[in-house]
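Per mature numbering (1 follows the signal peptide of the UniProt record, and there is no 0), the sequence shown runs over residues -19 to -1, 1 to 383.
The set of hints was computed from the structure by calculation and includes no laboratory data.
A couple of the hints might just be wrong.
[Claimed, not checked] Subject to a maximum C-alpha distance of 20 Å in a straight line, what follows is the list of computed EDC-like cross-link-like pairs (lysine to aspartate or glutamate):
{"id": "1", "residue 1": "K137", "residue 2": "D108"}
{"id": "2", "residue 1": "K39", "residue 2": "E298"}
{"id": "3", "residue 1": "K137", "residue 2": "D162"}
{"id": "4", "residue 1": "K96", "residue 2": "E151"}
[Stated by the list, open to error] Across the chosen pairs, the derived CB separations fall in these ranges:
{"id": "5", "residue 1": "L280", "residue 2": "K137", "range": "43 to 53 Å"}
{"id": "6", "residue 1": "D163", "residue 2": "E266", "range": "27 to 37 Å"}
{"id": "7", "residue 1": "A296", "residue 2": "E266", "range": "20 to 30 Å"}
{"id": "8", "residue 1": "T230", "residue 2": "S321", "range": "31 to 41 Å"}
Only a predicted model underlies this, so the values are computations on that prediction, with no experimental measurement involved.
All C-beta atoms in this analysis are idealised placements derived from N, C-alpha and C, irrespective of residue type, glycine included.
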Amino acid sequence: MFSALSLLTFVTLALNIAAKPVIIDRSPVLSIPLTKIHNITSGHNLVASGLARAQSFKDRAKAHDLAEIRKRQSVPVANEVVSYIASVGVGASDTQYQLIVDTGSSNTWVGATTKYVPSSTSTNTGDRVSVSYGSGEFSGTEYIDEVTLSSSLVIKSQSIGVASSSEGFEGTDGIIGIGPDDLTEDTVSGVSTVPTVTDNLFSQGTIAEKVVAISFEPTTTDEVTNGELFFGGTDSSKFTGDITYTSRTGDYWGITQTVTYGSTTIQSSLSGIVDTGTTLLYLEENGFDKYIKATGGVLDDETGLYKITTAQYNALENLVFTIGGTEFSLTPNAQIWPRSLNTDIGGSASSIYLVVANLGGEEAGFDFIDGYAFLERFYSVFDTTNNRVGFATTSFTTATTN
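Generate coordinates for the entire structure from the input sequences, incorporating the hints supplied.
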């Protein structure tokens, strides 16, 4: 016979066990390597590509009607960028696709070069899907399929676009979109939004948080694997010091920042976006003019970039971005195009070109784009769970590679 105390203890333990929630086993953090590629024929096209992409951001913020957006983007522009590529498997056959990592969009799609191969895991929803990026676009059909980022990062039932037509993605197969999920709004017929790869990795128990962190490294060569896309957290081996977080603004991965050059305030507490799909660093016209006046840059007709002399380069000061109360400095070397790649943009091998470009007039929420030229110097964190963006310095922040 149980004593009254023993019986009470047994009942209490049974109730505690029954009351415990079901725990999903989430791997802490997982990553995939990224390879840097260039798709550039001239500096003029490089600048124009970034401006066309910027215009697409502005248009989408103003109008969610995709037909209206396409009307505004009728001028063809070559998609000439420095991109980071992830090798992604799709389907039971694990066909590998080379996809651009893009924080400025959220749909994942394939078929621009390597054609989609349906398999036993593929389901054709019959819904149309299309996305315009300003410097490129695609349209096709939505499929639900298995997506393999790595052996530990396998996504079941991921919505993907299968391109029947695409423009501006020569040499790549499509995009893996890691922007906020509301950027998928109205991209697939019949549904409001679709879950991103990050959403599904979280909902399927693979990662503990809806966080993606990106590590880039400045380099002067092409086709080099030197980046990392990290899901579920951050990789402390890729950054130095602490991560500074700031609240996300707008529909994209938007932030507010102040920019100074020496004693000159270039921009004061303006809002813009952080975008891996943009190569250069764009500032609204007023701030850009201040920067060019301070540096002495002169427009180069051959490249479309602004050029400085060796003496002016030696006199360059840090371009300082204050984000979330922390200063992040672009050193003089970080403000110039890699000189070993000058001829790739139609420039002179001995010239010095600035990577800061003119975004045009002020427009609420789009007063700058912190593109690859900025992101290659800092560790970046895109945190959906807490609706914030983070930055930290790295061992390459002050590197003199350019």
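Discussion item. Could you work out which of the previously given hints the structure breaks and list their numbers from low to high?
Written reply: 2
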